[in-house]
Amino acid sequence: MKPIKKNKSQSVQVVDPMIDESADSSESLKSLLGKEETISNLSFDRSLEESIRVAYKTIKECVFNNLTLSDSQLKSTQFSDVIFRQCNLANVSFSGSSFYRVQFIDCKLMGSGFSETTLNHLFVSGCNAQYLNLAMSKMNQVQFSNCDLQFSSLNDCRLQNFALEHCTLVGADFSHTRLKGVDLRSSQISGLQLNLSDLQGAIVSSIQAMELLPLLGVIIEDLNDK
Numbered sequence: 000m001k002p003i004k005k006n007k008s009q010s011v012q013v014v015d016p017m018i019d020e021s022a023d024s025s026e027s028l029k030s031l032l033g034k035e036e037t038i039s040n041l042s043f044d045r046s047l048e049e050s051i052r053v054a055y056k057t058i059k060e061c062v063f064n065n066l067t068l069s070d071s072q073l074k075s076t077q078f079s080d081v082i083f084r085q086c087n088l089a090n091v092s093f094s095g096s097s098f099y100r101v102q103f104i105d106c107k108l109m110g111s112g113f114s115e116t117t118l119n120h121l122f123v124s125g126c127n128a129q130y131l132n133l134a135m136s137k138m139n140q141v142q143f144s145n146c147d148l149q150f151s152s153l154n155d156c157r158l159q160n161f162a163l164e165h166c167t168l169v170g171a172d173f174s175h176t177r178l179k180g181v182d183l184r185s186s187q188i189s190g191l192q193l194n195l196s197d198l199q200g201a202i203v204s205s206i207q208a209m210e211l212l213p214l215l216g217v218i219i220e221d222l223n224d225k
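39 is the number that numbering that gives the first Met the number 0 gives to position 40 of the sequence shown; each next residue is one higher, with no gaps.
Incorrect hints may appear among the rest.
Said to hold, decoys possible - Label-pair ranges, simulated between beta-carbon atoms:
#1 Leu-214 to Arg-45: 44 to 50 Å
#2 Asp-19 to Asn-145: 27 to 33 Å
#3 Asn-194 to Lys-29: 40 to 46 Å
Said to hold, decoys possible - Quick list of in silico lysine to any residue cross-link-like pairs, SDA-like style, CA-CA up to 20 Å:
#4 Lys-29 to Leu-41
#5 Lys-137 to Ser-114
#6 Lys-74 to Lys-107
Read the hints as simulated data drawn from the structure, not as lab findings. The structure displayed is predicted, hence computed values, not measured ones. Glycine included, C-beta positions come from ideal geometry on N, C-alpha and C.
Make a model of the complete structure from these sequences and hints.
If you want it as structure tokens, here you go:
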């Protein structure tokens, strides 16, 4: 199965998942995780999985289509060469996990927990990721495209080769996350939460610069406003 086509950012070159062929799974994800340490080369389609509680598992070369995870935690799990397509992963916790060559395409990630994760060659496109928690994560070669990241937490992150394209970042928290070299021009940044030092070296438009002036302590008030 070929991964989705994507636009390459000038600063980020995300490597696609390497999946030759995945067979349809005859068992549920919950059942497999309950007895196997590693799940590989499988496809899971149009399934509802509830109350999964696992840690320190490995999931590789798998495809998830229209999967819904409910009331679930997959903590400290290693994901490599995995595609999530049109999945509902809202409020699922992946904290402490690692993701390598992974794609999330048109998924629901509202309130999902990715705190303290390691993300390498991650591509996230068309996802509703409001209130997504990425706090204290390490990211390298990561691209978010056309995603709603309103009120998400990206504080205390370490970014290297990180791109945001046409994303909604209204109210997102980037406190203590250095944005040097990150291009914000195509994204909505109203109400962005960060420190002035975090913003140094970020690329913004002239209009966005006006929105960020309050961080300098500047009060914008025209004479005719009085």
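Could you tell me which of the numbered hints above are not met by this structure, giving the numbers in increasing order? Of the numbered hints given earlier, the structure breaks none, since each of them holds.
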